[in-house]
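Asks: Since the structure of chain W is provided, determine the placement of chain D on it from the hints.
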Amino acid sequence: MKIKRRDFLKLSAATGAAVALTQGGSLNAFAQAKRGAIGGEKAGKWTPSTCQGCTAWCPVEFFVQDGRATKVRGNQFSKANNGYCCPRGHLMLQQTYDPDRVLTPMKRTNPAKGRGIDPKFVPITWDEALDTIADKMMELRKAGEPEKLLYMRGRYSPTSQALLYGTMPKIFGTPNAMSHSAICAEAEKMGPGYTQGYFGYRDYDMAKTKCLVVWGCDPLSSNRQVPNTINKFGDIFDRGAVIAVDPRLSASAAKANEWLPIKPGTDGALVAAIAHVLLTEGMWSKEFVGDFKDGKNLFKTGATIDEAAFAEKETHGIIKWWNLELKDKTPAWAAKVTLIPEKQIVSVARTMGKAGSACAVYMGPGVAMTPRGTYASMAVYALNGILGSIETEGGVMQGSSAPTDKFPSIDKYIDDLAKKSGKTKKIDGRGAKDMPAIMGGMNKKKDKDGKETVSAKANVVTNNVANGILKDPGAIKVFISTWSNFAFSCTGAQRWEKALPMIPFFAHLVTNASEMSQFADIVLPATFAPTEKLSIITNMANLHGHMSIQQPVVKPLGQAKPEETEVMWLLAEKLKAKGFANLFDYYASLEDPETKKKPSNAAEFIEIAAKISSHKVWDGKDKMKGDQISGWENFKARGIYNTETYAYKKNWGKFKTETKKFEFYSETLKKTLGLFAEKHKTTVDDVLKSSGYEAQGELAFVPHYESPKRHGDEKEYPFTFIDHKSRLNREGRSQNTVWYHEFKKVDVGDDSWDDVVKINPVDGKELGIKTGDKVMLTSTTGSITCTAKLWEGVRPGTIAKCYGQGHWAYGRVAAKDYAKAIANGGNNNELMPDDYDRLSGATARNGGFTGVKIKKA
Amino acid sequence: MTQYAMVIDLQKCVGCGACALACKAGNNTAGRNAGQTHNWADFQLETSGKFPKPKFTARPVLCNHCSNAACVEACPVTPKAMFKTADGITMHNDERCIGCRACQEACPYSKMEVKGNEYSVISYNEDGKPYDPFYADKTEMIKGCTTSGADMAKSNDNPPHRTQYEHPDYQDVRRNNITEKCIFCEHLVKNGELPNCVVACPAKARTFGDISNPGSEVAQLVKKYKGTVLKPEAGTKPNVYYIREYARK
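First to last, the sequence lines map onto chains W and D. Quick note: to get our numbering, add 1 to the position in the first sequence (first position is 1). Quick note: to get our numbering, add 984 to the position in the second sequence (first position is 1).
By construction, these hints were calculated from the structure, which means they are not laboratory data. Check before you lean on any hint, since a few could be wrong.
Interface residues of chain D toward chain W, partial, derived using beta-carbon atoms under 7 Å [stated by the list, open to error]:
1. G1001
2. A1006
3. L1029
4. E1030
5. K1034
6. P1092
7. Y1115
8. M1125
9. C1129
10. T1130
11. M1136
12. H1145
13. Y1149
14. H1171
15. P1186
Don't be surprised by glycine CBs; every beta carbon is placed ideally from N, CA and C.
Extracted from the complex, chain W is given alone in its bound form (with noise of 0.2 Å):
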């Protein structure tokens, strides 16, 4: 262009000036001093719906001119983002006019299932697409074998997904439908759970904290209210400090006071140490965990203390726990295990001592989703408990919610062979000795003549399905799937590509042609839910709920449908032409909470659905505490009902624990986990041990380190490996739109259009690898190649690389070659092994779990 330019120049400005006339100018063009009218921008509304890019799922609004959305903003009542929407939110546009996207159902017509095989897809018409799923479903009931269906859902919307996860498979007979769930963070409610008797995402008062103490996650980027955080988190400096417990610099811990690059998985340790000295050094809440009875500090290093020398108030068994684990634990042996020197372990335990009931520590899943997750995830908590900051001005608050309503009963619509088959043993192995997965704590069932039973929850261990199915290849022959990716974001990926091509019939409800689609006998187009599906959606963050709308604001792309609603509403008439109708005859039933009118036909019946989830907020017949209402025109036009403001200290005394205390000793998880180990007839030791956690006795019911699980030693696969997420990640599914590679960078320590493996340069220097090289990283499970970052984010020893990228499907900007199903760098899935925090059930993906090795490809 240089040679242009100059050639141009050449020309004198006024014959410039011509030119631009010749190419279309005007003569108004020469008007200097005069301008035009400034028109600004042509008419357009703004029209509220819900993100779900995240699981912030922030009240959004578009701005739609001429029928198409062109902007995003958050929801401008929105208490829970303050009116804004993250970055993440921007790209929606950009996924909603995705050319990738599937228009039309299409059917695969090359049976061969794999990797690099062409499914050569051929567009078909729903009816076509419809009967075939419901044909093969009824081969299922006439075999009597209905269990063989297995349902996985993806993302979903918070109301309208019982209609299908919650409904569907129960009244087909099925017992097999699986959340995504624990590929998420479950391990983390484990935490709050067994201390609180909390299993749920926490909440900040980050308008308020003195001291935020950010540890295994990134809230600046990712964990549950980023607009928020983002909001808040610059102000917190001109009140106290931030600090930032990460192994490698995240986007909170580059703006934080202090950053703590711990070793992967110790946390534990670093939580005891901290708990030493805030214990010895009298520095925790008196107000909140009482004192001792004459006044003497007891807690000195070492000594073991009588429990009766001590007064709780509303805590139960602080004593044990420091006798238990606490006493030895000091900031110098702490140091040895976390490689975080002794002084900073000091200076930063007072720090928060000195914030006090103001210092919210906010636990992720960093913590959490590792093989021995739920103990750190305790011992992070709990040190809120220690500080008292449990629901205090500037502390951590439990979940706020808005009032849904639920659909009526499916009991009666549940038939015979639907009762036996749904009983049948879950093909996630949840519940097996090895396998506790005991997240939610107790379910108690009280017969009719009142008497209790008490029994230990089992939740869902999503990525041990491929294993099942590998295992037991029979077990499963049909499976749908809605808005899921397993065969690209579960850990051990390659698991599900084995395990796929063994299921006979497998139709993937979906926006793109994803990894997991390629597997698929039919995929259907799902609408891309924030600019095309109607649905409820709650969520809350700032302490306050919220419930909000999901709507169209723009017509659905190509043949599109909601895969919830209106996509089962057809499924089920299919059904009931096939000779099954309860699936319709129980969505026929529902009825519009304000005309009592049924459903005739799917649109009304997306409606319908809708409004039962959410009458409570605006039919005016129950009194709102929150906002205040007029009927459902007016709750779609604004978009949100916001709860009111969290009370402090509202669960005081009345904790759902064994004790109504925050326990230290957890009485809850003894109770749960003795009443497991009961039903297989074993010890809580044994259990513990089969589940691969060492701690026996009485420290298994109290917060407590255990040391980091790693798959590959450490000879051979000398790296530990690092994964995070983006905040320009929406879940996998952002990766084919331009805007995320162009602005990639914002991931600190990341390079736009390109994915990087984030390396320490004094191990860069050993290994004769430079910035930019490509390289080839291989731990247990398999390998990767990526590009090679030098940067001083990661501790030496440490490599870090976000998650997200590596997809050899989805799209042709997400993947390098979609039709030979070449990898645009690499998928983190597929470096680390399936392993679990079995008590949870969760999938383990951080702690430091894998080993790898690095090599210039």
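Replies: What follows is chain D alone, placed relative to chain W:
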């Protein structure tokens, strides 16, 4: 006389990218091609120091709307295609621009060709090339089942999410063989709204206003925190200021 300016509070900024993405959506800038980012808003990212005490800074960047704008001086067209408005915005007139790129070469904050994580305030729309090759592509990924970029644009708009607006100097989607850059969203500002990047910032890190008025928020912030500008030595007198520190370490 009015001089529009922007103050970016680096303590509030978390480097998330929302501003830059909102700018792309609101101004319909093309995807990166032929060494041009077309990012009117972007970031300068830097890691310095050594483990375990590295220092990272994310600095949002955009046109500095310099009072002594090198790009305006370099523009050879009469009347100038790159000029200063009465409000101090460095404005670009698409019709008069002849695509010589003298502005791009003269701007101390621009590059003729951008690689990797680099940024350039001014981009150039290649002569004879479509606005965005992505939406000119006519191939389908799965024949008969997915569509092409060109058809997606045809059945919606180009780009499909095009934010339509009108302005006498620049088009909402610009033609080829001209340069382009941030224009402080004058089409919004003159209608009483704020630039897209300001509205989109979840951290409220950006403040926009008239710095010639000592009582304005921008003037007050610059005074209170001793605002700094990029490359003061270039003598361009930028009107984008940075206050406070990004990192606390």
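Asks: If a hint holds in the structure, say so; if it does not, say that too.
Replies: Evaluated hints:
1. Taken as an interface hint, G1001/D checks out: its beta carbon lies about 4 Å from the nearest beta carbon of chain W, inside 7 Å.
2. At a threshold of 7 Å, the smallest CB-CB gap from A1006/D to chain W is about 6 Å, leaving the interface hint in force.
3. A least Cβ separation of about 6 Å between L1029/D and chain W falls short of the 7 Å threshold, and the interface hint therefore holds.
4. Violation of the interface hint for E1030/D is found here, the shortest Cβ-Cβ separation to chain W being roughly 11 Å, above the 7 Å cut-off.
5. Evaluation of the K1034/D hint against chain W yields a held restraint, the C-beta minimum of about 5 Å falling below 7 Å.
6. Interface hint status for P1092/D: violated, as the beta-carbon distance to the closest one in chain W is roughly 18 Å, over 7 Å.
7. Annotation: Y1115/D was flagged as interfacial toward chain W, and the flag is violated, the nearest CB pair being 13 Å apart, outside 7 Å.
8. A least Cβ separation of about 5 Å between M1125/D and chain W falls short of the 7 Å threshold, and the interface hint therefore holds.
9. Below 7 Å, beta-carbon pairs count as interface contacts, and C1129/D has one with chain W at about 5 Å; its hint therefore holds.
10. At about 5 Å, the closest approach between the beta carbon of T1130/D and any beta carbon in chain W falls short of 7 Å, and the interface hint on this residue holds.
11. For M1136/D, the interface hint holds, the least distance from its beta-carbon to any beta-carbon of chain W being 4 Å, beneath 7 Å.
12. With 7 Å as the threshold, the beta carbon of H1145/D comes within range of chain W, its nearest partner Cβ sitting at about 4 Å, so the hint holds.
13. Checking Y1149/D against chain W: minimum C-beta separation of about 4 Å stays under 7 Å; hint holds.
14. The interface hint given for H1171/D holds, since its Cβ lies 5 Å from the closest Cβ of chain W, which is under the 7 Å cut-off.
15. Against a cut-off of 7 Å between C-beta atoms, the interface hint on P1186/D holds, since the closest Cβ of chain W lies about 4 Å away.
Hints 4, 6 and 7 from the list above are not met by this structure, while the remaining hints are.
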